[in-house]
Structures are given as C-alpha cells and as structure tokens.
Amino acid sequence: MLASPPRPAPLVGVAAASIELHLAWGVSAHARRLFYLALAGLGLAVVTRRAELVAFAVPALVLLGAWRAPRPPTVRTSFRLSASRVYEGEQVVVEVTVEGNNDHGVEVLLHPAEGVQAVRGEGGGTSPGHRVLAFQVDQWGRRSPGAVEVVMWDRYRMFECHSFTSLPKVVCYPRPAPHRSALALGRLASRSGDHAARSPGEGVEFVGVRQYAPGDRHRSINWAATTRRGRLQVNTFAAERSQDIVLIVDAISDVGRRGSTSLDNALRGALGVARTYLGARDRVGLVLFSKRLLWLPPGMGNRQFFRLTEAMLEVVPGWSSDDDIRRAPRAALPPGASVIVFSPLLDTKLVETLRDLRQRSFSVVVVDVLEVDLGRGGSRLDRLARRIWHMERQALMFSLGELGIPVVAWHGEEPLALPAQRHERHGGRSRV
Amino acid sequence: MRRIAVAALLGAASTAWSALPLTGTGAPGVLLVVVAGACVLAGVVRLLAHPAASRSRFSMAFSAVLGTSGPTLRRAGPESVAAVSMVALEALHHSRPWHTGLMALVLVSYLLAVHEAESPVPAALWRQDARLLVVSVPLVVVATGVAMVPTAGSGATSEWLEIIAALAAISAGALALPV
Chain A
1 MLASPPRPAP LVGVAAASIE LHLAWGVSAH ARRLFYLALA GLGLAVVTRR
51 AELVAFAVPA LVLLGAWRAP RPPTVRTSFR LSASRVYEGE QVVVEVTVEG
101 NNDHGVEVLL HPAEGVQAVR GEGGGTSPGH RVLAFQVDQW GRRSPGAVEV
151 VMWDRYRMFE CHSFTSLPKV VCYPRPAPHR SALALGRLAS RSGDHAARSP
201 GEGVEFVGVR QYAPGDRHRS INWAATTRRG RLQVNTFAAE RSQDIVLIVD
251 AISDVGRRGS TSLDNALRGA LGVARTYLGA RDRVGLVLFS KRLLWLPPGM
301 GNRQFFRLTE AMLEVVPGWS SDDDIRRAPR AALPPGASVI VFSPLLDTKL
351 VETLRDLRQR SFSVVVVDVL EVDLGRGGSR LDRLARRIWH MERQALMFSL
401 GELGIPVVAW HGEEPLALPA QRHERHGGRS RV
Chain B
1 MRRIAVAALL GAASTAWSAL PLTGTGAPGV LLVVVAGACV LAGVVRLLAH
51 PAASRSRFSM AFSAVLGTSG PTLRRAGPES VAAVSMVALE ALHHSRPWHT
101 GLMALVLVSY LLAVHEAESP VPAALWRQDA RLLVVSVPLV VVATGVAMVP
151 TAGSGATSEW LEIIAALAAI SAGALALPV
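Chains A and B are the protein sequences, given in the same order.
Residues 1 to 432 in our numbering are what the first sequence lists, from first letter to last.
Residues 1 to 179 in our numbering are what the second sequence lists, from first letter to last.
Take these hints with a grain of salt, some might be off.
[To be verified] The calculated label-pair distances, taken between Cβ atoms and stated as ranges, are: (1) A:G377 x B:M1: 44 to 54 angstroms; (2) B:H94 x A:P72: 47 to 57 angstroms; (3) A:S260 x B:A130: 43 to 53 angstroms; (4) B:G26 x A:S379: 52 to 62 angstroms; (5) B:I164 x A:S78: 30 to 40 angstroms; (6) B:P21 x A:V47: 18 to 28 angstroms; (7) A:V47 x B:R131: 25 to 35 angstroms; (8) B:A12 x A:A16: 48 to 58 angstroms; (9) A:V47 x B:A13: 21 to 31 angstroms; (10) A:P72 x B:A130: 24 to 34 angstroms.
[Said to hold, decoys possible] Under 7 angstroms between C-beta atoms, here's a sample of chain A residues computed to sit facing chain B: (11) H30; (12) R33; (13) F35; (14) L37; (15) T48; (16) E52; (17) L53; (18) V54; (19) A55; (20) F56.
[As the list claims (entries may be wrong)] Sample of chain B residues with no beta-carbon within 10 angstroms of chain A, all distances over it, derived: (21) R2; (22) A5; (23) L10; (24) A12; (25) A19; (26) L20; (27) P21; (28) P28; (29) G29; (30) V30; (31) L47; (32) G101.
Simulated from the structure, these hints should not be mistaken for lab results.
Ideal Cβ placement from N, Cα and C applies to all residues, glycine included.
With the sequences and hints as input, model every part of the structure.
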C-alpha cells in the first residue's frame, strides 16, 4: 500500500551506514526460459530432422555468444537517512548508493516493514548506482523501517543477483494530538507562569481598582476612576502562576484497530496535552502504568517534552504484580498537581488508583480513549454479553462520577481541546 | 500492469499462431490445451504478483483458491511450459518453414515481454531486448532459408546435413554480430 503525504521530516538525527554486500549471482528466470526454448528447438530439430526448428534456438545462441563481462563478487552499499527520529506520519528519505557494480545494471527496491509505507514518486538518482527512496512511518516505536533489496544484472540479464539488507533503525514518536487550550485545571503553584491566579499580582489580566496606597506605581493609577471617586485609584491585576500537570497513561490493556489502539490514542493525547501545557510554562510529569511502572517527575521546557516522548517509547502493554499500581508514586505527584488520566477504562485496578488520588485531594480528569465497535448483530448470547459489558462500563463511569472525577470520551480523531475545555477550575475540584 | 497486458497479448498471439492449422484432435489438441492453460496461468500468476493488483478483490479471491501454491507455480515457470509446448506443437504440425520462423520470432517476443513484466526496473531493459530481437531476425531467416533450400538428394543424410548447415550458419552469424 503506497501513500503520498506531502510532509517530509526535518533533518533530525541523520543516520548513515555503509556495508559490503556479498552478491550471490544466479541464472535468471529469463535465461532459463530461453535455454529451455533452445533445447526444445534443437532437440526437436534433430528428432524430426526439420532444420527450421533450429530457429527457436537462435536467441539463446545469440545470448550465449554475448556472455563476456566478469561479475563483481561484492559491492559497497551506503545508506543515508534524512532523519532517524520522526513523528508518526512523517516521511524519511533514504539515499542508497551502490559502488563497484562495474557497468552492471542496478536497481534498489524498498521493502517496508509493518507500520511503514513506501512513498510513491521517489526513486530517481543522480547516477545508475544512486537511488532516492522514501517511506512514511505510521506506527510509533523503535523499529527498522524495512529492508532494501539490491538487484543487479548483467547486460542481457542472463545472470542476476538479489541481495537484502536492513535499513538502520528509526525512532518514531507518537504524533501529539491537536490540543490548544491550556486551562488551569487545579490549584496553581506559587511559581510564575501563564495562568491568571485569583490573588492580585503583576500579571496582565485586569481584576479591578482599589484605592492608592503608598508604594503603588504611578503608571497603574486609573485616572478615570480617580476622577469619578475623587480619590486616587489604581488598577489591580491577577498574578500569573503555573500549575503542575501529571499525565497518567493506562497501558494495562491495549485494544482496538492497529494504528489507533487505546494505547496509541492515550500516548498521542498525552503528548498533545504535554506540549500545550509545557508551552504555557507549566510543569508536566508522566506516570505510565504498563508492564513496568514508569514515571517522570514534573519538569518544564522542551527538554522535558523530549524526556516524555522518550519515556513513552519504553511502554510495554501489560501489568506486573510486582508493581502496586493502586498507589501512584508520591514523587511523581507534587501536592496540588492536576492529574489527567488517559485510559480505556477496562481495568478496575485503575479505579483504586483514582480513588487514592481523590483521597489525596488531587484534581483528576479521565479521558476515555477506548474505541471499540462491537457491532449490532450476533446471537442472543452476543447481544447479552454486549449489554453486560455496557452496563459494567456505565457502573464504572458512575463510580468515577461519585468520586468527583469527570470522564470525557476522546477517540483520537477530533481535537482534544473540545472535551477538555468543558472542565473549569472550581475550588480545587473539577466539574463537568 | 501495461507490461503484463502486453505479455498476455503476445502469449495469446503465440498460442493462436502455434494452433494453426487447426486440427483439434489427438496430440496437437492436447498440446494446444496445455499451451493455452500455461499461458493463462502465467498471466494470472504474474498479475497476482503485481503490487497494484495484489490487494484487489479478484486477486484476494484467486489467492484464496490457489492457497500457498502461487509462488510455487511461479517458480515452476508456466511460461517455460508454454514455450516448450508451442515448439512441440509446431513440430507436430508439419508447417512450412516461414510459418515456423515467424512462430519463433513471436515466441521470443512473448518471452521478452514476460521478462519485461517480471522486471522491477521500469522499461529499462526493453532497448536491449529489442536489440536482441532485431539481431535474432536475420539468424531466424537464415535458419528457415536453409530449410527452404531444396536438397540435392532425398533421405536421412540430406536432412541431417540441412540441420548442420543451419546450425553452422547461425553460429557464424552470431559470432559476427556486434552484440
């Protein structure tokens, strides 16, 4: 399946490799066919004693007369990838150079691995041994994008060889989901940031006017209010503070279509939220409930974003009894942090974790990333099972609601800002 | 896909030409069925191997019918079976030498078209293959011409001499040609 998206990856982490390929030359299928034809023509000419049947052997005889050039036993093949670190959906260009082919024909073919698509339109090169290929990585992870097949042949393609070699590994990060709104979800810390706090301060958001006090700056005097009230009045502004956001990704179960499983959606959504809040000078941390409990304490800036993306690549879906996930690590959860949980809500163990978080008075929002279409048909038992499953999920949602935890559904297609904007800060607790 | 269509058309032309004159019974009839079947199978296997067609509904249905025998069939070479059967059919027909000469050219064209169709290189080989075909034409003419020259005597010796003369003429011509 070929795709032609127009977005090439930036030149990040250019990877290059050079290897000596050993060539195993063999008779081509074309030569074999011509040989059989010649043999049949000559044999039947002798058996039937008809000279005109020799005509069938003519092309093979011509080719046999043309076998002259020695075939190289090895060639040097160099690869140069335009990027070794990409986000899902980005293109990588591979330049393949084959040296030492001694005027033999060369073709380079790309055999993409699973989750990788060859991109149509590339393939040209500046010389016969130089090819430019492109592929698009559609699935996050550390993976080899596939293999390159170097096909070589002699002048009339009587002999040919096919050599395969793997391309260097490419690190593909989950594509951050579109998310623009950096709302203050919980209590604001006492660090400066971009969120308007309720306390007065040196921000830009106008709060009101009050009477002038010694020490106030002259530039903050509100002359219109002063004229009306007859006494000096000054403008007051809201302080700007940052918040701590902790993203919890539930990777205990991973269900759904390949490429948009619950874990894929959870990681994309978490990265989208992380990018937005880090852009708003907030601190963002991460807890991954997976085969191994992974967590990163909250941090700020681009470096933290890349630490988060790298940490997400380590996730392995599953659950280990060695880790007690009912209690999230304290070091990963600073007091007053807002917690955004990305989960398919298929495991009740997570409910215990969320209950613990609410008891520790954290503001929690759950994003339900499950997208499973169970259909409508089926036998009576199928319908019954489907109904029970729906009721269990409704019960789970109800218990979360009882804990004061709002749940929003998000399936990875629409921008994440829409459901998240419905939640506003309300006395340290979130509400729908 | 176009190259596969060209190969299929040349295969059909070779089959039709080798079937003439039509007898329909006995060994020629059986060989004709073998030729036609091998040509169709070659086309279908080639079509299934094509990346553009491999995801079509027809391709998937045919792959399900063939199971895992598709690559095995391709390795067995239905084109080779078709080519050898066509030569055998031509030998059974007792045709005139010019008919056999033309048959040889059409058959070689078919095999070259198959070679083009299976090649991953887009239309890079055709120039060399066409050159080979052009070079083969005078040699085929020599072979058929030798067969059409009336022999001095009759019997096995003169027929053997005719074959040897044809081979010698072709070998001399092949060595003299600048390929």
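Hints, one by one, checked against the model:
1. A:G377 x B:M1: 44 to 54 angstroms: The hint (44 to 54 angstroms, Cβ to Cβ) is violated, given that A:G377 and B:M1 are roughly 38 angstroms apart.
2. B:H94 x A:P72: 47 to 57 angstroms: holds (49 angstroms)
3. A:S260 x B:A130: 43 to 53 angstroms: holds (50 angstroms)
4. B:G26 x A:S379: 52 to 62 angstroms: Since B:G26 and A:S379 have Cβ atoms about 59 angstroms apart, the given range 52 to 62 angstroms holds.
5. B:I164 x A:S78: 30 to 40 angstroms: violated (54 angstroms)
6. B:P21 x A:V47: 18 to 28 angstroms: holds (21 angstroms)
7. A:V47 x B:R131: 25 to 35 angstroms: Since A:V47 and B:R131 have Cβ atoms about 32 angstroms apart, the given range 25 to 35 angstroms holds.
8. B:A12 x A:A16: 48 to 58 angstroms: Taking Cβ atoms as reference, B:A12 and A:A16 lie about 50 angstroms apart, which means the hint holds.
9. A:V47 x B:A13: 21 to 31 angstroms: Since A:V47 and B:A13 have Cβ atoms about 26 angstroms apart, the given range 21 to 31 angstroms holds.
10. A:P72 x B:A130: 24 to 34 angstroms: Cβ of A:P72 to Cβ of B:A130: about 27 angstroms, so the range 24 to 34 angstroms holds.
11. H30: This interface hint holds because 4 angstroms falls under the 7 angstroms limit.
12. R33: At about 5 angstroms, which falls below the 7 angstroms cut-off, the nearest Cβ of chain B leaves the hint on A:R33 intact, so it holds.
13. F35: A:F35 check fails; min Cβ-Cβ to chain B is 9 angstroms, beyond 7 angstroms.
14. L37: holds (5 angstroms)
15. T48: Holds, about 5 angstroms.
16. E52: holds (4 angstroms)
17. L53: Since the shortest Cβ distance to chain B is 6 angstroms, the answer is holds.
18. V54: holds (5 angstroms)
19. A55: This hint holds: A:A55 lies near chain B, its Cβ roughly 4 angstroms from the closest one there, short of 7 angstroms.
20. F56: Status holds, d = 5 angstroms.
21. R2: Non-interface label on B:R2 holds, nearest chain A Cβ at 17 angstroms vs cutoff 10 angstroms.
22. A5: At about 19 angstroms from chain A, B:A5 clears the 10 angstroms cut-off, so the statement holds.
23. L10: holds (14 angstroms)
24. A12: At roughly 18 angstroms from the nearest Cβ of chain A, B:A12 sits farther out than 10 angstroms, so the non-interface label holds.
25. A19: Holds: least Cβ distance 17 angstroms, greater than 10 angstroms.
26. L20: Answer for B:L20: holds, closest chain A Cβ roughly 15 angstroms.
27. P21: holds (16 angstroms)
28. P28: holds (14 angstroms)
29. G29: Check passes; 18 angstroms lies beyond 10 angstroms.
30. V30: The claim stands: B:V30 keeps its Cβ more than 10 angstroms from every Cβ of chain A (closest is about 16 angstroms).
31. L47: The assertion about B:L47 holds, with a minimum of 17 angstroms to chain A.
32. G101: violated (5 angstroms)
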